[in-house]
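Trainee: Here's the letter readout for the chains.
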Amino acid sequence: MQPDYAIETKDLGRIYKIRGPKHKGDAKELIALNGATLQVERGELFGLLGPNGAGKTTLIKILSTLLLPTSGSAFVEGMDVTRDVQEIRRRITVVSGGETSGYGLLTIEENLWMFARFYGLDSATARRRIDDLLNVVGILDRKRTKISDLSTGLRQKMNFVRGFISDPSMVFLDEPTLGLDVTAAREVRNFVKEWLRNNTSRTILLTTHYMAEADELCDRLAIVDRGRVLACDTPENLKRRLQREAVFNLKVGRLGHKPDKSAMIESISGVQQVTVSEQNDHTELNLILAEESVLGSVLSHLTQRGSNLISLEKREPTLEDVFIQLVGRRLDEDTSHTTGGDNG
Amino acid sequence: MSMMQRVMDTPLVRRSNALRSFLTAAWLGWQIESNWADPFLFAVYSIARPVGSILILVMMYTVITNGATQEPIFAYIYLGNALYILVGQVISGVSWVIIDDREHYRTLRQLHTTPMNGYFYLMGRGVARMLVGLVSLVITIGFGVIAFRLPITLAGINWPLFIASTVLGIISLATIGLIIGSITLMLARHFWSVGDAISGALYLFSGAIFPLDILPAVLRPVGFIFPVTYWLELARRALLGPSHPTFPTLAAYSNEHLLLILAVISAVLVGFSGYIYNRALHLAKERGVFDMETSH
Ligand SMILES: Nc1ncnc2c1ncn2[C@@H]1O[C@H](COP(=O)(O)OP(=O)(O)OP(=O)(O)O)[C@@H](O)[C@H]1O
Ligand SMILES: [Mg+2]
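These protein sequences, in sequence, are chains P and X. When the letters of the first sequence are read in order and numbered with numbering that gives the first Met the number 0, they come out as residues 0 to 343. When the letters of the second sequence are read in order and numbered with numbering that gives the first Met the number 0, they come out as residues 0 to 295.
The hints are simulated quantities; they were obtained by calculation from the structure and are not laboratory data. Hints may be right or wrong, so weigh each one.
So the derived label-pair ranges between C-beta atoms look like this [stated by the list, open to error]:
1. P/29 x X/254: 52 to 60 Å
2. X/102 x P/27: 45 to 53 Å
3. X/267 x P/232: 35 to 43 Å
4. X/273 x P/137: 43 to 51 Å
5. P/82 x X/209: 47 to 55 Å
6. X/141 x P/137: 49 to 57 Å
7. P/140 x X/137: 37 to 45 Å
8. P/300 x X/286: 47 to 55 Å
9. X/47 x P/182: 50 to 58 Å
Note that the Cβ used here is the ideal one computed from N, Cα and C, for glycine as well.
The following block holds chain X by itself, in its conformation from the complex:
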């Protein structure tokens, strides 16, 4: 807590309610997320589970292709799924907070009589899960490099591109989580299951497991509205460099072009999620569902 205290007492944080709400919530999220009685369970949860689910995919791939793990498409699929760990962690990390605070901890009411900034609070609460996701992601990729000789080297990675696209990707994922969380807040029902549906749709239409080119031409544009599509493409290009397989749908776009599209989508999502969140707060107050519990 003492390091946290020093951060919180800096003049910048003291002046900005948004920053203070974000950091305090991140601290709280970390307390909750790291509160595993058993570090072994924590390791299983954050490492073994994602690696395990990728191995299932790898097995299916090897059976179908007779073990052609040196084909460029293997790296494409492997990385798509490794990166996808972050999608689930960030979206559910943010969208679950409302339900957690309202029904599990029952603190939503207490929190919303304080002057904290609710939007940045929710974002902050998602940070811990995102960090866990990042760790799983790094471990999964490392495992892929060692076990399947994925063509990735530390020196070969286009770091600026990887970091820029991943930051934008995480921001846009968090806003999607925020939109889902907001809808949960005003409906007072278990809308989060829609979060799973969105996650699933993203999986199919964002090129995580197969390039958009495989989709029928009419469905392809669906992928273009998801920020994840651009983030996955950019992150794979950054990690694999020249050995990245090119597929016609996105090959025509340069890195800069894709980054710009991702930045614009992220900015739009930030604005839109802010609007939806405020609407949701208003409706929740109108309907009196701040401390409502959804019937399980």
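For reference, chain P alone in the conformation it holds in the complex:
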């Protein structure tokens, strides 16, 4: 075992057994993780990017000792997640965005104090850290407020603080900025960066649905879909993959409701990826082409179908484009109904 990695997974798999609605024994199997292999270095801010149901939360649950893998192995700071549970829990914390949980009758301070106790902190240290951290997220003046009286965003800030109270060496952040307003989200991102800068042996594993956030924060990130790791690199390197390709944004007159319009364009040779979105008075096409010259065939195809060009823009590749090329759809396209609901 390489103890040098903060996180290491080898061929990690997780299958959920789901019962039919009537308990008739017709158990279905759902593959949430499928041979995921990852290595995260100490000091890294590592991101997991993937559509709903990709298996991000499942991976975090396994790494944080809440769930056992069905195959493969996973190590946190060299410790086996299935065996060294207590040692791992002493070093990690987990914060999930959009959590509505908590003992509503406790105040923010009491709740955080309680968790500090579970991590074995003495009162003086706990108090100091609670005040410092609440101050950082700007809710120090609310520390005597009962949790039940907090808005979702404030509750989330409190949960975020909980994740740092024990001075962990690894923090799992599952969509930490979900539902936060722009300022609060920025504060959270800044805090995370600062926290890692102050101690380079700490590690953060983060999932997010915001491309810009992943791009800004992450040293490296893995793009996951359907339980598989499709790519794993720095945001720059991921974008560089598309350097040879040409990325265009096209606005054309409405293509109307042809169900196969994207397939039609994709069948043009040289078109690697296309996403189509219908706007009020036009249709927007996002194209990833093998080379610029392919654009000609696309345009002639569109004019043949009687659609006029409104605007054309060549763009620098973004993470979003990388994502689309690898996953085959946009991150914000809701595909959760095909993979089943998420309760993570």
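Following the hints, position chain X with the ligands against chain P.
Mentor: Same frame as chain P, but now just chain X with the ligands:
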């Protein structure tokens, strides 16, 4: 919170994860249990309800026996039911915590990524309900002494016997709650209703309302496996002293003998519940039901 803080900062508590988990959970349980917006409602819940249910029993007894509340069997029944308040409070106090944390507060996941000791946490969470039960118990007995002249005096109580047997009784009840809670954890279904069934079975087979001798001989041994049987017998002996009615089934055993049996059963239950709890945790992780919600 400040007194709690001082307790938590003592070296012993700082060193022991189990003790820390237990005390912190007890503090949390108390916050939840005492969180009654209205003290009047709290009084109704913890006093009027148990006293009321005993009065119903007393009425039935008086109708059937023409008001023979001075018969020794009356004290037997009255105390059996008063003590039984604790059975329900402790068992459900512990076994409900899993459901509460998983589905009501949704904190189970958060709690189980901390290094706290889950077994002692559950025990701790039951403390508040147990205290409420103890208060109800004392009030109910006091009421019995005043209203029905139960033959109990403070000086006449065998305190060491009462305290020893009640401590063991509470420990064994808490372990039963823990076993039920553990099964709830791994099944992710409303297994707690089985808790009610167990409570009911205990009521019939542990001599709470009638001596085991009334049961058919084949059913009598059922009572012998329940710790509650021994605790009720010992507590009644301790409270009533010589006026305790003797029934053949348990009369042959001395206080020490019964206490030993209760201690052995409690010890076995502690070990067994620890084993079951760890199995349940493992299965819950295997099945991924840590944050599962049972459909209501
Ligand atoms: N306890 C469970 N029982 C059965 N299936 C589950 C369970 N938890 C998750 N799943 C399924 O496993 C798959 C992966 O879920 P997971 O929560 O890991 O996705 P995710 O990448 O976190 O998605 P999201 O972006 O929506 O949070 C989904 O199809 C989900 O429905
Ligand atoms: Mg998720």
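Trainee: Given the hint of 43 to 51 Å, check if residue 273 of chain X and residue 137 of chain P actually sit that far apart at their C-beta atoms.
Mentor: Holds, at about 44 Å.
Trainee: Determine whether the Cβ-Cβ distance between residue 47 of chain X and residue 182 of chain P falls within the hinted range of 50 to 58 Å.
Mentor: About 52 Å separates the Cβ atoms of residue 47 of chain X and residue 182 of chain P, which means 50 to 58 Å holds.
Trainee: Holds or violated: the 47 to 55 Å window for the beta-carbon distance between residue 82 of chain P and residue 209 of chain X?
Mentor: 51 Å, holds
Trainee: Would you say the C-beta atoms of residue 29 of chain P and residue 254 of chain X sit inside 52 to 60 Å of each other?
Mentor: 59 Å, holds
Trainee: Can you let me know if the beta-carbon spacing of residue 300 of chain P and residue 286 of chain X is within 47 to 55 Å?
Mentor: 52 Å, holds
Trainee: Go ahead and decide if the range 37 to 45 Å is satisfied by the Cβ distance of residue 140 of chain P to residue 137 of chain X.
Mentor: Roughly 43 Å apart at Cβ, these two residues keep to the hinted range, so it holds.
Trainee: Range hint 45 to 53 Å: satisfied by the CB atoms of residue 102 of chain X and residue 27 of chain P?
Mentor: The hinted range 45 to 53 Å is violated for residue 102 of chain X and residue 27 of chain P, with Cβ atoms some 24 Å apart.
Trainee: In this structure, is the beta-carbon distance linking residue 141 of chain X and residue 137 of chain P contained in 49 to 57 Å?
Mentor: 53 Å, holds
Trainee: Does the Cβ distance between residue 267 of chain X and residue 232 of chain P fall inside 35 to 43 Å?
Mentor: 57 Å, violated
When held up to the earlier numbered hints, the structure conflicts with 2 and 3 and fits the remainder.
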